[in-house]
Amino acid sequence: MENKVQLTINGQIVEVQPGKSILEAAEKLRIHIPTLCYHKDLCVKGNCRVCVVESKHNKRLVAACATPAEQGMAIVTNSLKVRNARRHIIQLLLAEHNADCTKCYKNGQCELQRIAADLKILNQDFSELNQWKKYTVDYYSPSIIKNDSKCIRCQRCVRTCAELQGVNALTVAHKGEKMKISTFLAKPMSEVVCTNCGQCVNHCPTGALVERNYIEEVWAALADPTKHVIVQTAPAVRVGLGEEFGLEPGTRVTGKMVTALRQLGFDTVLDTDFTADLTILEEGTELLGRLKSSVAGDNADVKLPVISSCSPGWIKYIEHLFPNRLSHLSSCKSPQQMFGALAKTYYAASRKIDPKSIVSVSIMPCTAKKYEAGRPEMCSSGYRDVDYVLTTRELAIMIKQAGLDFGVLSESAYDKLMGQSTGAAAIFGATGGVMEAALRTVYEVVTGREVPFEALNITPVRGMEGIREAAIEVKNPLPEWQFLDGVTLRCAVAHGLVNARKLMELPAERFNQYHFIEIMACPGGCLGGGGQPIPTSPEIRNRRMEAIYAEDMGMPLRKSHDNPEVQLLYANYLGSPNSKKAHELLHTHYTLRERF
Amino acid sequence: MEQQLLKRIDLIFNDENDWQEILDQTLAHDNTYIINALVSSELKGRGGAGFPTGLKWKLTSEAPGIEKYMICNADEGEPGTFKDREILSRVSFKVLVAMAVCARVIGAKEGIIYLRGEYKYLVPQLNKTIAEFGAYCGRTGLDFNVRIFLGSGAYICGEETALFESLEGHRGEPRNKPPFPTDYGFRGMPTVVNNVETLVHAYTIFKYGAARFKELGVASSRGTKLFSVSGDTPIAGIYELELGMSLSQFVEEFGDGDTKAVQVGGASGFLVPRKKFDETTIGFQGRLTGVSLPTGGSMMLFNSSRSMYNVLNNYLDFFREESCGQCTPCRVGCQILHKGIEEVKRGERNAKYLQTLLLLTETMQLTAKCGLGQSVANSFSSIVENFWEEMIY
Chain A
1 MENKVQLTIN GQIVEVQPGK SILEAAEKLR IHIPTLCYHK DLCVKGNCRV CVVESKHNKR
61 LVAACATPAE QGMAIVTNSL KVRNARRHII QLLLAEHNAD CTKCYKNGQC ELQRIAADLK
121 ILNQDFSELN QWKKYTVDYY SPSIIKNDSK CIRCQRCVRT CAELQGVNAL TVAHKGEKMK
181 ISTFLAKPMS EVVCTNCGQC VNHCPTGALV ERNYIEEVWA ALADPTKHVI VQTAPAVRVG
241 LGEEFGLEPG TRVTGKMVTA LRQLGFDTVL DTDFTADLTI LEEGTELLGR LKSSVAGDNA
301 DVKLPVISSC SPGWIKYIEH LFPNRLSHLS SCKSPQQMFG ALAKTYYAAS RKIDPKSIVS
361 VSIMPCTAKK YEAGRPEMCS SGYRDVDYVL TTRELAIMIK QAGLDFGVLS ESAYDKLMGQ
421 STGAAAIFGA TGGVMEAALR TVYEVVTGRE VPFEALNITP VRGMEGIREA AIEVKNPLPE
481 WQFLDGVTLR CAVAHGLVNA RKLMELPAER FNQYHFIEIM ACPGGCLGGG GQPIPTSPEI
541 RNRRMEAIYA EDMGMPLRKS HDNPEVQLLY ANYLGSPNSK KAHELLHTHY TLRERF
Chain B
1001 MEQQLLKRID LIFNDENDWQ EILDQTLAHD NTYIINALVS SELKGRGGAG FPTGLKWKLT
1061 SEAPGIEKYM ICNADEGEPG TFKDREILSR VSFKVLVAMA VCARVIGAKE GIIYLRGEYK
1121 YLVPQLNKTI AEFGAYCGRT GLDFNVRIFL GSGAYICGEE TALFESLEGH RGEPRNKPPF
1181 PTDYGFRGMP TVVNNVETLV HAYTIFKYGA ARFKELGVAS SRGTKLFSVS GDTPIAGIYE
1241 LELGMSLSQF VEEFGDGDTK AVQVGGASGF LVPRKKFDET TIGFQGRLTG VSLPTGGSMM
1301 LFNSSRSMYN VLNNYLDFFR EESCGQCTPC RVGCQILHKG IEEVKRGERN AKYLQTLLLL
1361 TETMQLTAKC GLGQSVANSF SSIVENFWEE MIY
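Residue numbers (our numbering), protein chains in the order written: chain A, 1 to 596; chain B, 1001 to 1393.
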């Protein structure tokens, strides 16, 4: 093992591993150094220069984030020289910035604003540049609003789009004063390869990239007595929402969230987890059907592996970049859209409500869901299946606007009919969750026995490794599935589109050896979604993941096919999985898109 | 009284067509010998920063790396500098020989000439030379290939780490240092980047020996330098002169009799007003009397018909456009400075604002990510402090 390096920061001695930055060393001493372009998810850029510190023997100041700690360094983080320089840098950023803070969506959550407040910047030494007045705001995307006038050019979004997602929809254009973050040929975000995943929004320190919010629209619907407003909540929201109210990351707030939604005035509070279970039955049946055709040799045209289709960011990504793999996608809609289609058909019929009067709202950890809800094919009920999609952050804003003290709310349960769920649905929120849920059901359908893992926990597909693989051998199947005897089902899980790309670029012989692939667009899966609380970091994602698996373990039912309300749905309405009716409402098709 | 002319030197463009001989004879020595010769010659980089060339080769030769690269920086973009173009047009064989020697010393098989986009017209002729040189290397069994990479017109790509980014097909933005190019350069491998002129001086040292080279110039600034002389001078052009001359000697010879100030080192260099000509020496920082100014060779002379406000305005206009834009102090700072002097000139801001701007240039010097943002302070403070009235009235 290499020797540690020892240095002093503000006179205190600290030891760190070689290669660690001054910033990380300071963190160890709990000395705060302000940063803007730095983000734990991303490579170090060192371009905002806010984190400059004084290093003895160096006539210039050094960027704490980008400078490795070295043996014998003497660092000062708060000298007059440092403070003056830091003030200047913030003043420069403000001179360039559309600092209309009181009318900004990120007011109160802006990192530039916070540093300016911490430094008590009460005057502006320099002239305003007003360059931003020439910029137009890009309102075209259904998910993301890009306002360059508020951009500080930290390039976090660019690095996010490249390093986490491998999409490169956002890049740097021009140089000098004209340098800005732009899309291909400065086209609107809606016309380029952008997957609407919202990771850029989650990583943006200012109001330059924000979600398109539908808060006022939802308030209006709630206030309209002629509307019946129903809401569904995604699995990952309940493990993230608490952070918006100061609770520790990883706090499960399912019951409080349901209470809050009722108090906001939603007529019925239902659960996306219900349709997550439903997705498993539909997708599992589809997988088994394709396995039968392919392995049993019924139909050579049927493509394996089947790839999951729950993540709308992933769907748009494959439509843009890997059209040759499109036929591998499961035809199943995502749980959100299955729910939407059922809300205005099954739910409306059961409750005897005119579907026209139903406003269907979903709470998602995701900005791509906003885009998905607006896809033209998502109208199986005869109406727009999901009317408004709110992110976890927007729900938190509504709860705060309503004056609710979230921390002290009592816990309550979801409404009936489409509110019941199993542990298999809960884990949809984590990467590998769909795979695990599917295996719990598929294995049991095929063999009549539970998956051979302790307490149903299929640990090989869990975790934060970018790509994970698992193989399960089928032994002694039921007579109907005899052709699968001795077949090893090979699965792969990827999260973050940069990892999805690696799977998609595998040569055919390696790609085709898989039977089932789960892909989630965002790092960590939905729990790290673009609509989740800011900040999201590797550590916070881990905490949310632990909460998700705790949620699973705490459920009385852990397998999707055991969900009584889903069984009821099939018995009373759909018939069987992949029936004609199920296909009409719960399945979809895909679109070829341009590569830019 | 007879004027004492500065000694003209003719080492760089003097071509005895003996490059093959020099190459063979240099490569006959071992690497240590070559590095020692360069180190003892005290040759410093002629791009302007003045890093000791021998040390650079030594560090790179010692750095671990499965590949190494030798890059000739011919992205001559500093305003008022036009010497590298001349070298490449007239004695490009010397550059190639020095590249090949460097490559052998550090263990590189590939050499790249990063050529300024505007010098595109040089490419056919250079390629011919490279082909001829390559053929000779092939005959003598030297495994070294040179290719030309044409820049796209960004000033910042002359900064060595931005140059790597550009070479790798990325946007030309400087990297964080450390790591330095000697450890982590092109494609993350140890890389030597030398200015065109530096390589020719290395050739001179190979040919005549370090001792002969050291006879020229003064302590801490050995050898000769090519100067690109422009502005208010009757004899604009390229001159090879010894380092260590005083600016007054220089102005006496090249000025038009009415020289008010000289900008040494281009837009990122310093402006020296007439009253400081005597005390200013042209050479690298060291034990010289008075102020010594390093330079990439640009000498711009201004006579009394010139407004120093316009000169500065022009430089700042250049920087606000040529900053890569990634770091805050440089991107925004250049705009604020440019706008600021215009506001003061128009009377929209009072003269005290210039003090605020001077403080800003200090911050830029302290905090900018690369040499561009750090050196804007040079011309700004030297012009504003010496020609305060011209900024205001």
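Simulated from the structure, these hints should not be mistaken for lab results. Treat the hints with care, as some may be off.
Claimed, not checked - Mimicking DSS-like on lysine-lysine, the simulated pairs with C-alpha atoms at most 30 Å apart in a straight line are: (1) A/K187 to A/K106; (2) A/K178 to B/K1007; (3) A/K28 to A/K40; (4) A/K59 to A/K103; (5) A/K178 to B/K1275; (6) B/K1345 to A/K133; (7) A/K103 to A/K475; (8) A/K180 to B/K1177; (9) B/K1007 to A/K59; (10) B/K1260 to A/K120; (11) B/K1260 to A/K178; (12) B/K1007 to B/K1177; (13) A/K20 to B/K1260; (14) B/K1345 to A/K134; (15) A/K180 to B/K1120; (16) B/K1177 to A/K178; (17) A/K475 to A/K40; (18) A/K20 to A/K502; (19) A/K4 to B/K1345; (20) A/K81 to B/K1177; (21) B/K1275 to B/K1177; (22) A/K40 to A/K227; (23) A/K59 to B/K1177; (24) A/K20 to A/K292; (25) A/K227 to A/K178; (26) A/K106 to A/K56; (27) B/K1352 to B/K1260; (28) A/K56 to B/K1177; (29) A/K59 to B/K1352; (30) A/K81 to A/K292; (31) B/K1275 to B/K1007.
As the list claims (entries may be wrong) - Pulled from the structure, derived: some chain A residues nowhere near chain B, Cβ distances all over 12 Å: (32) C48; (33) P68; (34) K103; (35) Q131; (36) A223; (37) T251; (38) V302; (39) K475; (40) K502.
Computed from a predicted structure; not experimentally measured. We put the beta carbon where it would ideally sit given N, CA and C, even for glycine.
Violated constraints from the hint list, given by number and in increasing order: 2, 4, 5, 7, 9, 10, 11, 12, 13, 17, 19, 21, 22, 24, 25, 26, 30, 32, 33 and 35
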